[in-house]
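Student: Could you build all of it, start to finish, from the sequences and the hints given here?
Residue numbers (the numbering used here), protein chains in the order written: chain H, 1 to 271; chain E, 1 to 314.
Possibly wrong hints are sitting among the right ones.
Computed footprint of chain E on chain H, listed as stretches where at least three residues anywhere in the stretch have a Cβ under 8 Å from a Cβ of chain E [claimed, not checked]:
1. 23-30
2. 120-127
3. 203-212
Partial chain E-side listing against chain H, Cβ under 10 Å, derived [as the list claims (entries may be wrong)]:
4. 142
5. 159
6. 162
7. 272
8. 297
9. 299
10. 302
11. 303
These are computed hints drawn from the structure, not numbers from a lab. All residues carry an ideal CB built from backbone N, CA and C; glycine is no exception.
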Amino acid sequence: MKKEEALKATFATILGLILVFPIYYSLAASFFQVHQFFAYPPQLLPTSLSLVNYARALKESPLARFMFNSLYVSVVGSAIRMSVAILAAFATAYFTFKGRDFLFFLILGTMMLPSDALIIENYLMVRRLGLLDTYLGIMAVYLLAPVQMFMLRQAFKSIPYTFKEVAMMDGCSDFAFLTKIVLPITRPIVLTLSLHSFVTIWNTYLWPLLVTNNPQMRTVQVGITMLGYTENLDYGPIFAAISLVLIPSLILFLLLRRYIVEGIASGSIVG
Amino acid sequence: MWQKRQDSERLETPPLSKQTQLIIIASMKRKRGAYAPYLYFLPALILALLFSYYPFVKTLLNSLSLVSFTGKLSHFVGLENFRALFKDPNFRKSLLNTFRFALLFIPLDLALSLVCALLIYKKRPLNGLNETLIMLPMAVAMSSAALVFKALFNPTIGVVNYLFKVSIDWFNSPTWALLTIVFLGVWMAVSLDFLLLLGALRSIPRDLTEAADLEGTSKWSRFFRLQLPLISPTIMFIITTRLRDSMLLSGPVLVMTEGGPYRSTQTLVYQMYIEGFTGANYSKGSTISVVVFLLTFILILLAFRIEKRRVFYQ
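Tutor: Given below as structure tokens:
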């Protein structure tokens, strides 16, 4: 029995190492010198820890600007996205009004309309609104998150209604009730969903590719695919750029590992 | 006269007590608050209309009309666009490639994530590390992952050919190019699906597995008769979401292969993108996107039907 468990664990470790290999390789290759890419057998270990590739990636392309763009869009975008979802969830969880269920399902129904299949018309819409090459244009299609609204509504509903009655009797306004009572109580799920929003916006590729023509407005995901070294197999700066994007997200991921696992287990993070 | 009676009534009302005053203020507050929930809903509603429903309706209309290259509807043509689309060998190729991708990607992803989850669902010291290792690909964004895979599979500088002792020209062969996209897809999906299955396996009540062990059931029958039925809702969920992802596949194609070679990796959304933006053929692009909607919708409905019939809920 013991032996079998050990065997299983070893096998799992091997699978895990295979899965991690692409990450390892891009970190290692970011230190390679040009000739190392062409060596046979292919090299798997850097011979020096020279930062030449990093310097080149930062100097020869607006990588820093790309990263700032992504950070800005992800932070502001998820803040708006969460606010919109929180307000809508608050309205459905605590108020009875005419057409509430209809409105709720109208918003939830957008789930059935994947935005990747709407890019043509959304592009025309954003162009009409004059939002091409703007941060708002990049965020536009991510500002509504029906699933998150649904999750938040469930969380809000778990707070007893008497809390609201008591708050109202003490002269608390609706909005203050939301910000001072509801949100602090549901903070774990709000944080998990915010994190998920951040990652979603940070990772998107197709939409920002479409709505940005100006290189200065590109997000990092779009930008690193356009560095243009691949033609000459000059992969060093590319791997350096990939690693620059990767390292912060790896660190963040390892730090927040527990929340991510819990979020997935509780069903608040889906695809 | 009506006015007069009201006036006289007003005169007759006695001064309000403090309590009634409070009640009136409260009811006024409620009245003023009546539009508040609509106000809270407004941003979501505007966004839903602007970026979901309006474009959806417009896409439907586009698919039934001729559209000028500025995006204006010119005239209604019924289902002509669909007829032309299904005659287009390019489109058939996209459709076939998209299904081919789904058929390769979903079973591979499911098998790998299930094997990983089964290997380490029991909490043991080393398994914490294993769990982290298998989770890590989740931290990598699609475009970085696609670039890394492009380099790994490169026949000149790539390590894959060397490590597996093969010499395949991955990106120049119609047979192998789609596989590189499948591998990338699996690599990006496996972490999340593994965690979902791990959670499902761990939530099976202990006494059930212990009872099975006491009765001396073999490992295989324990898996097929106990664990698999209990985690089947999670498996269905994974299949459904991955089917949807497969129908919408475009990013890895854009970064790694640009649809080639010989359109062997051209998918539906990729073709839609090309038709719509490189060719400014909005009606064709929109027609493809309606097909994508229908496919996603039908597949999800189908999955739910199977789920109802076959899946065991506690």
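Student: Decide, hint by hint, whether the structure agrees.
Tutor: Against the structure, the hints come out as follows:
1. Against chain E, the region 23-30 of chain H contributes 4 residues with a C-beta closer than 8 Å to a partner C-beta. That satisfies the three-residue criterion, and the hint holds.
2. Proximity of the region 120-127 of chain H to chain E, defined as three or more residues with a beta carbon under 8 Å from a beta carbon of that chain, is established by the 6 residues found.
3. Interface restraint, the region 203-212 of chain H with chain E: holds (5 residues with C-beta to C-beta distance below 8 Å; minimum three).
4. Because the smallest distance between the Cβ of residue 142 (chain E) and any Cβ of chain H comes to about 6 Å, under 10 Å, the interface hint for this residue holds.
5. At a threshold of 10 Å, the smallest CB-CB gap from residue 159 (chain E) to chain H is about 5 Å, leaving the interface hint in force.
6. Restraint check, residue 162 (chain E) versus chain H: the minimum CB separation of about 5 Å is within 10 Å; hint holds.
7. Given the 10 Å rule on beta carbons, the hint for residue 272 (chain E) holds: about 7 Å separates it from the nearest Cβ of chain H.
8. Because the closest C-beta pair between residue 297 (chain E) and chain H is about 7 Å apart, less than 10 Å, the hint holds.
9. Evaluation of the residue 299 (chain E) hint against chain H yields a violated restraint, the C-beta minimum of about 12 Å exceeding 10 Å.
10. The beta carbon of residue 302 (chain E) comes no nearer than 15 Å to any beta carbon in chain H, farther than 10 Å, and the hint placing it at the interface is violated.
11. At a threshold of 10 Å, the smallest CB-CB gap from residue 303 (chain E) to chain H is about 14 Å, leaving the interface hint violated.
Hint compliance for this structure: hints 9, 10, 11 are not met, and every other hint is.
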